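Asks: In case you want the letters, here they are:
Protein chains: 2
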Amino acid sequence: MEIAKSLQQIPSSYIREILAAASDKNVISLAGGLPDEKTFPIDLMKPMLESLSDMTEVFQYGATAGYGPLLEFLGDYYQLPESHIAMICTGSQQGLDLIARAYIDPNDTVVMEAPSYLGAMQVFGLVQANIVTVPQTECGPDLDALEVVFFEQSPKMFYAVPDFHNPTGVCWSLETRQRVAELCIKYNVALIEDAPYRELRFSGDAIPLTSDFCPDHSIVLRSFSKIASPGLRMGAVTGKRAYLEPLIKVKQGADLHSSVPMQALLLGLLQHDNFELHIDKIRALYKTRYQKLFAELQRQLPETCELKAVDGGMFVWLSLPECDTFALAKTLLANGVAVVPSPVFYPAHDKAKAALRLNFTNATPDELEEAVKRLAKVLQEQVG
Amino acid sequence: MEIAKSLQQIPSSYIREILAAASDKNVISLAGGLPDEKTFPIDLMKPMLESLSDMTEVFQYGATAGYGPLLEFLGDYYQLPESHIAMICTGSQQGLDLIARAYIDPNDTVVMEAPSYLGAMQVFGLVQANIVTVPQTECGPDLDALEVVFFEQSPKMFYAVPDFHNPTGVCWSLETRQRVAELCIKYNVALIEDAPYRELRFSGDAIPLTSDFCPDHSIVLRSFSKIASPGLRMGAVTGKRAYLEPLIKVKQGADLHSSVPMQALLLGLLQHDNFELHIDKIRALYKTRYQKLFAELQRQLPETCELKAVDGGMFVWLSLPECDTFALAKTLLANGVAVVPSPVFYPAHDKAKAALRLNFTNATPDELEEAVKRLAKVLQEQVG
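Chains as they are written, first to last, in UniProt numbering: chain B, 1 to 384; chain S, 1 to 384.
What the hints contain is simulated information worked out from the structure, not anything from laboratory work.
Hints may contain errors.
Identical copies look the same in the list; a pair holds intra-copy or inter-copy alike.
[Stated by the list, open to error] Restricting the straight-line Cα-Cα distance to at most 20 Å, the calculated cross-link-like pairs of lysine to any residue (SDA-like) are:
(1) Lys240 / Ala4
(2) Lys330 / Gly32
(3) Lys25 / Gly68
(4) Lys5 / Gly125
(5) Lys240 / Gln60
(6) Lys38 / Ala309
(7) Lys46 / Lys377
(8) Lys5 / Ser154
(9) Lys5 / Asn107
Please read these numbers as outputs of a predicted model, since none were measured by experiment.
Working from the sequences, and respecting the hints, build out all of it.
Replies: Structure (C-alpha cells):
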C-alpha cells in the first residue's frame, strides 16, 4: 500500500537514529531532550495515584476538550481572560499537530525562526505547509526580516519558542516580544507560542509571554513534560474560544480525548502544596548541570568554537567553524559522546550554520565532564 | 484565522449535540455508545495503580510504538506471526486516524459498508478521501457490490467492523469473511478491520477475524475501551511491519507516544488472573440488558418497525417505515428518550434508510423498559 504523498516528503528522523545509537552504554548522550528521571514528582503524585481507584468517572469516556475540573483549574492558573479557554492534549506535541491540521492548507505559509524545533517542522511538513524561516539573533527573531516576511508573504501563523528555544537556548527579550506581538496584530498573523521550557528559568527574571501582548492573535502551547513527567503525555493549549474550537473538532477524530486518569493525576499534582517547591528543585538541579557543562566547555574547547550562555531550558548551542556537522556527530558518537548536528534543525539542511546542540539535563556532572573531554578531543582534531 | 479546507467539509457532529441534550436528567439515553461504569475492572487495576509510583521508567519519554513489555505481551496475546507487529495508540480511534493520514491522499477511494461508523467517516473525511459505500446485508457487505467497487474503482482500503457492527449490530458470517479476504487479496485492497466489540459476544460461537484469512492484506484495530475502560484511551493496531511503520512515523508527529503509565496499567490488567472472568461478567451483564431491550421492543413497538436480533456488541438497529428520522429523534428527545437517527451513519445523509440506533449497555433494565415505553408511544403516533 503506497503511503500518502505528504508522508513521502518527511525524511526519517535523524534524531531518532542518533538516539537509538546513543542508548549504547559506552556513549554519554547529550543528544536527547530528556528531563532527569530524578525530577519526576512521583511522591507528589502518589496520593492521587492511589485515589484514582475511587474515581469511577475518570475511567468513562470524557469530554474532548478535557477533564472539567482540570480545565477549570487551568483557567485560574493561567489567568485566562473570559473569552479564552484551555484544552488538554496528548502532550503539547498533539496541540501543535491539531493546530497544523485545523488551520493549514497545502502551501499556506508558516514562519519559524531558523534553527527551529524539529517536531514543529515535522508537523507542518505533514500538512504540506510552505515553511519560511527568519534568522534568529541573541534577542529572538530578526525583526526586520520578520516584518518583510509578514508583509510580503502574508503567512497564516508564526511558530515560535520564545523561552529557552530548542535548539539554541535563546530567550527573547521583552522588547522583541512586544515588537513581535505588534507585528502579529498589524499583519494579522497568528502567533503560535510554544512554551515547554518556560518554567525552567534558573537565572534572571521571568519575562511575560509574547502572547500577553497579543492575546487575541495567539495560541499558547503548554507542556507538563518538563515540570511533571513526559510519560503522562499531558499538554494544554490556551487561546480565544474561536481559535480553539476547530482544534477540538480535529481532536475528536484524532483520539476522542486524552487519558482522563492522567488528567486527574496532573490536576492533583498541580494542586499539591509542594508543587512550586518541586519546580524550584528542578531549576536548582538544572542550574548546576548547566554550570558544570558550561564551565567544562569553556575550559576545554578550542577557541574556534563559540558558546552562548543561557538562562534556562535544557540546551546549549555550540557554534563551530564551517564543517560537515553530520560527519562530526558521527565521529563524536564513535568517540563515546552523542550530540545533534545543526542541519536537522533547519527546514533546508544546506542553509544551516555549523553548530551542535548539547543537552545538559539528563547526564550527571561526572558524565558531563567526561562528555566534554571526549567532545573537546575530537573538536581539537577537527576544527581546533 | 480561516480553518483548513479539509475541516470546512466536516459537519458538526449531530451525535455530540444529541449526547449533550441527552445529559438532561429527565432523558433516558439510548443514544451514546458508553459501556456501563459498573463494568470497569477497577479492582483488577488497583494493584497496578498502586505500583506505578515504584516504576520511574513509565514517567519518562517512551517509544513511539509503545511500552516494550506491553508490545511483547500483545504479540503473544494476539498470536502475531513473525512478520507482524503491534503498536499502541491513544484509543483505537487514533489508530484509524493514523491509517488515514499515513495512506490516504485526497480523492483516494476508501470503501465502507453503509451505514458505517461515524468516527471513521470523520477521519477519512478529514483526509479528503473519496468514500464509496456498499450496502450491508444480514451477513455483512453485499459481496457482489463489493467486488464491483473493488474492480471498478481500485480502492486503497476497505474499512469494516465485522463483529457487531456500529450502528447495525450485524456480525459477518464465516463465509462472508472468507470471501471478503479473497477479494482483498485478488484486488490488492487493504482491509482495515476495526474490532472494538469483538469480545462482547454473548450468543453463538466466536468466528475468526476476517484478517485471519488475509493477514498480509490487513490492519486490525483493537480497543480496550469496552473490555477495560474508555477513559484510559488505550487501543492497539496490529499488522505486518511494512504496513505499521508509516503509522509510527505519523504518530511521532501526532503525540510522540501514548501515556506510558496507562500502558503499564493496561498490561497489569491484561495479565491479571481474573481478567477473562471479568470479560465473562461484562458479556453476561450486556446479554441481560439486550434481552430486556429486545423483549420490550417486540412487545411494545408497532408492526411497521423492524427489529434485528444481535449476538453481541452494544447496539440494536430499528428499521422504520420511511420518515424524517431527524424530526423523529427530536420528538423522541422531547418525550424523554434519546436515540440516534440513521442518516448520520451514511456519508450521504439522503441515501439513508429510515432507522434508529439504540444502545443497550448504559441503561438499567428499568430505564430500558421506560425508554421503550416512551419510544413506542411516539412511534405509534408517527409511524404506527
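Asks: Would you mind marking each hint as holding or not holding in the structure?
Replies: Now the hints, each set against the structure:
no., hint, in the structure
1, Lys240 / Ala4, "between (33 Å within a copy, 18 Å between copies)"
2, Lys330 / Gly32, "within (15 Å within a copy, 55 Å between copies)"
3, Lys25 / Gly68, "between (44 Å within a copy, 19 Å between copies)"
4, Lys5 / Gly125, "both (11 Å within a copy, 17 Å between copies)"
5, Lys240 / Gln60, "neither (28 Å within a copy, 32 Å between copies)"
6, Lys38 / Ala309, "neither (25 Å within a copy, 56 Å between copies)"
7, Lys46 / Lys377, "neither (45 Å within a copy, 52 Å between copies)"
8, Lys5 / Ser154, "between (26 Å within a copy, 18 Å between copies)"
9, Lys5 / Asn107, "both (14 Å within a copy, 12 Å between copies)"
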